[in-house]
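*Asks:* Just so it is clear: in the sequence shown, position 333 is 333 by the working numbering, and no numbers are missing.
Among the hints, a few may not be true.
[Unchecked claim] In silico DSSO-like pairs for lysine-lysine, Cα to Cα no more than 27 Å straight-line: (1) Lys320 / Lys258; (2) Lys483 / Lys320; (3) Lys170 / Lys33; (4) Lys43 / Lys232; (5) Lys232 / Lys258; (6) Lys43 / Lys170; (7) Lys33 / Lys258; (8) Lys58 / Lys43.
Simulated from the structure, these hints should not be mistaken for laboratory data.
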Amino acid sequence: MKKVILLSFVLALFVCSIAWAYRVNLAAVDEIKVELISADASKVRVELFVPEIQVEDKLVEGETYQMLTIPGGGWLTEVGSPQIPLFCRFVALPPFSGVRIEVVEQEMETLSGTFLVHPFQTPPQRTDNPQPEPFQLNQEIYSQDQAFPGSLVEAGEISILRDLRLAPIKFFPVQYNPRSGEVTVYKRLVVDIYFEGTGENPQLNPRNVLTRSFVNTYERFVLNFDEVQGGKDLVDGSVLIITYDSFNAQVQPLAESKSRRGLSTHLVNLSTVGSTNTHIYNYIYDAYHTWPDPPEYVILVGDIGQIPTNNGLTCITDHKYVTVDGSDYFADIHIGRISVQTQSEAAHVVAKTLNYRNSPYMGQTDWFMRGMTISGSDYVDDYNALICGRYMVDYAGFTYFDSLWASLGNDTPSQISTRLNQGRSWIAYFGHGWATGWSPSGFDNGDINALNNGEKLPAIFSVACNNAEFDYYSDCFAERWIKVGEVGNEKGAVIICAAT
Numbered sequence: 001m002k003k004v005i006l007l008s009f010v011l012a013l014f015v016c017s018i019a020w021a022y023r024v025n026l027a028a029v030d031e032i033k034v035e036l037i038s039a040d041a042s043k044v045r046v047e048l049f050v051p052e053i054q055v056e057d058k059l060v061e062g063e064t065y066q067m068l069t070i071p072g073g074g075w076l077t078e079v080g081s082p083q084i085p086l087f088c089r090f091v092a093l094p095p096f097s098g099v100r101i102e103v104v105e106q107e108m109e110t111l112s113g114t115f116l117v118h119p120f121q122t123p124p125q126r127t128d129n130p131q132p133e134p135f136q137l138n139q140e141i142y143s144q145d146q147a148f149p150g151s152l153v154e155a156g157e158i159s160i161l162r163d164l165r166l167a168p169i170k171f172f173p174v175q176y177n178p179r180s181g182e183v184t185v186y187k188r189l190v191v192d193i194y195f196e197g198t199g200e201n202p203q204l205n206p207r208n209v210l211t212r213s214f215v216n217t218y219e220r221f222v223l224n225f226d227e228v229q230g231g232k233d234l235v236d237g238s239v240l241i242i243t244y245d246s247f248n249a250q251v252q253p254l255a256e257s258k259s260r261r262g263l264s265t266h267l268v269n270l271s272t273v274g275s276t277n278t279h280i281y282n283y284i285y286d287a288y289h290t291w292p293d294p295p296e297y298v299i300l301v302g303d304i305g306q307i308p309t310n311n312g313l314t315c316i317t318d319h320k321y322v323t324v325d326g327s328d329y330f331a332d333i334h335i336g337r338i339s340v341q342t343q344s345e346a347a348h349v350v351a352k353t354l355n356y357r358n359s360p361y362m363g364q365t366d367w368f369m370r371g372m373t374i375s376g377s378d379y380v381d382d383y384n385a386l387i388c389g390r391y392m393v394d395y396a397g398f399t400y401f402d403s404l405w406a407s408l409g410n411d412t413p414s415q416i417s418t419r420l421n422q423g424r425s426w427i428a429y430f431g432h433g434w435a436t437g438w439s440p441s442g443f444d445n446g447d448i449n450a451l452n453n454g455e456k457l458p459a460i461f462s463v464a465c466n467n468a469e470f471d472y473y474s475d476c477f478a479e480r481w482i483k484v485g486e487v488g489n490e491k492g493a494v495i496i497c498a499a500t
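Model the full assembly from the supplied sequences, consistent with the hints where possible.
*Replies:* This is the structure we're talking about:
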């Protein structure tokens with residue numbers, strides 16, 4: 001438990017370093033929330049509660065600004081404009097309708113004093129030597145004698161997330177008059193959201209079922225989900241495995257395993273699908289819209305030389321393959337890639353995956369509830385790692401969590417390897433990265449090769465650049481984690497989520 005205590009101590013240091021000027025209590029709730037009052041086919045009525053507003057003074061270039069925060073909320077992020085708190089949730093819409101919003105009840109409180117609300121600034125770039133951006137303040141907005149942002153509630157762009165067509169509803173319970181310096185907080189709002197007219201991004205093939213793996217997301221973020229789910233069956237979609245032809249025999253055990261678990265599984269050779277990324281997208285799109293069991297998961301088996309990918313703005317991406325419903329960028333299907341080049345690699349990674357699922361290492365079991373965060377040199381890295389570690393301890397049931405941070409000087413390859421070899425089931429990294437490693441710790445492919453963690457295989461979430469750059473000329477960092485080891489002498493990781 002020492003690491004948990006250390007994590008709590010570091011959290012206390014962070015919290016104590018934030019000197020709130022004061023808090024204004026507004027409602028008897030712990031954090032900002034929106035509750036559903038009523039819902040039917042034509043409208044939704046919701047109620048917003050704001051618990052308190054926190055005010056912190058910040059000195060910039062000789063001027064004292066106020067930072068405004070509502071627990072559980074976010075901020076308006078228009079560079080140079082007042083950094084006003086906001087809160088956002090989704091409402092599920094009929095397949096073709098638009099949205100009209102009406103505020104029907106409101107309770108407000110004007111804060112005492114005169115405020116100069118801090119403007120939102122360009123976030124610091126995650127570079128080794130970040131240069132401070134010049135302080136930006138939109139003089140036009142700060143000279144206005146009217147409330148900013150003006151709207152209390154507004155709808156954003158409509159998206160489709162597999163089963164549901166969604167409109168983001170953005171609440172702006174804090175209104176600021178820059179000329180007078182007056183801040184008004186709407187501590188309670190009752191809002192009607194009408195489904196009217198014709199809206200953007202229609203759902204051309206409405207689904208009358210709910211997909212099991214998406215339901216947790218719907219429950220957490222969609223205000224009228226209880227109304228929407230009434231009468232709809234909860235289903236499992238299918239698993240679509242697209243493999244390079246030469247790996248079919250090696251992938252067969254994976255497909256059979258998923259079938260035995262009751263999942264409808266389709267193992268398809270690339271030659272059947274077509275050899276280009278357009279062929280692959282069209283095949284997945286057609287399966288999603290026409291199969292009786294549309295794919296819920298897509299697994300690509302092959303490196304970039306075997307299974308092509310797509311070009312994003314600055315990198316390659318498989319994500320485009322699963323944006324198959326609507327004009328938005330939400331993934332309608334989960335996708336992953338087993339990036340292997342040979343039959344032996346394919347056989348090993350499949351065996352490694354199935355052994356982890358079917359026969360996890362039980363010689364010791366405490367490692368399942370042990371995790372680790374690793375952070376780089378940017379100031380945001382420690383904070384992100386801290387919040388992640390606290391979440392895993394407080395909500396995911398972990399009993400032990402390491403904090404290996406560049407700022408503490410303990411993020412060395414030897415320290416990371418020692419913990420991994422002891423057994424950690426979950427690892428989160430926040431920092432810089434390159435195609436074959438983490439920076440500034442220097443932990444790279446060579447250190448992965450030297451591990452001896454056996455079957456104590458972690459899941460890794462790496463928030464860093466290029467770690468999954470699978471078009472690299474040799475194995476990238478993510479590929480090495482998965483490929484390393486051999487049957488009977490495993491090491492590395494069982495899965496990794498990383499950026500290309």
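*Asks:* Now tell me, hint by hint, if it's right for this structure.
*Replies:* Each hint, compared with the structure:
Of the pairs offered as hints, the one joining Lys320 and Lys258 holds, with about 24 Å between alpha carbons and a cut-off of 27 Å not exceeded. As the CA atoms of Lys483 and Lys320 are separated by approximately 25 Å, the hinted pair is consistent with the 27 Å bound. A distance of roughly 12 Å separates the Cα atoms of Lys170 and Lys33; the hinted pair therefore holds under the 27 Å criterion. At most 27 Å may separate the alpha-carbon atoms for a hinted pair to count; Lys43 and Lys232 meet this at roughly 19 Å.
With a C-alpha separation of about 25 Å, the suggested pairing of Lys232 with Lys258 holds against the 27 Å cut-off. Distance restraint check for Lys43 and Lys170: the Cα-Cα separation of roughly 17 Å lies within the 27 Å cut-off, and the hinted pair is therefore satisfied. A C-alpha spacing of about 39 Å is found between Lys33 and Lys258, which places the hinted pair above 27 Å, so the restraint is violated. With a CA separation close to 42 Å, the supplied pair Lys58 and Lys43 exceeds the 27 Å bound.
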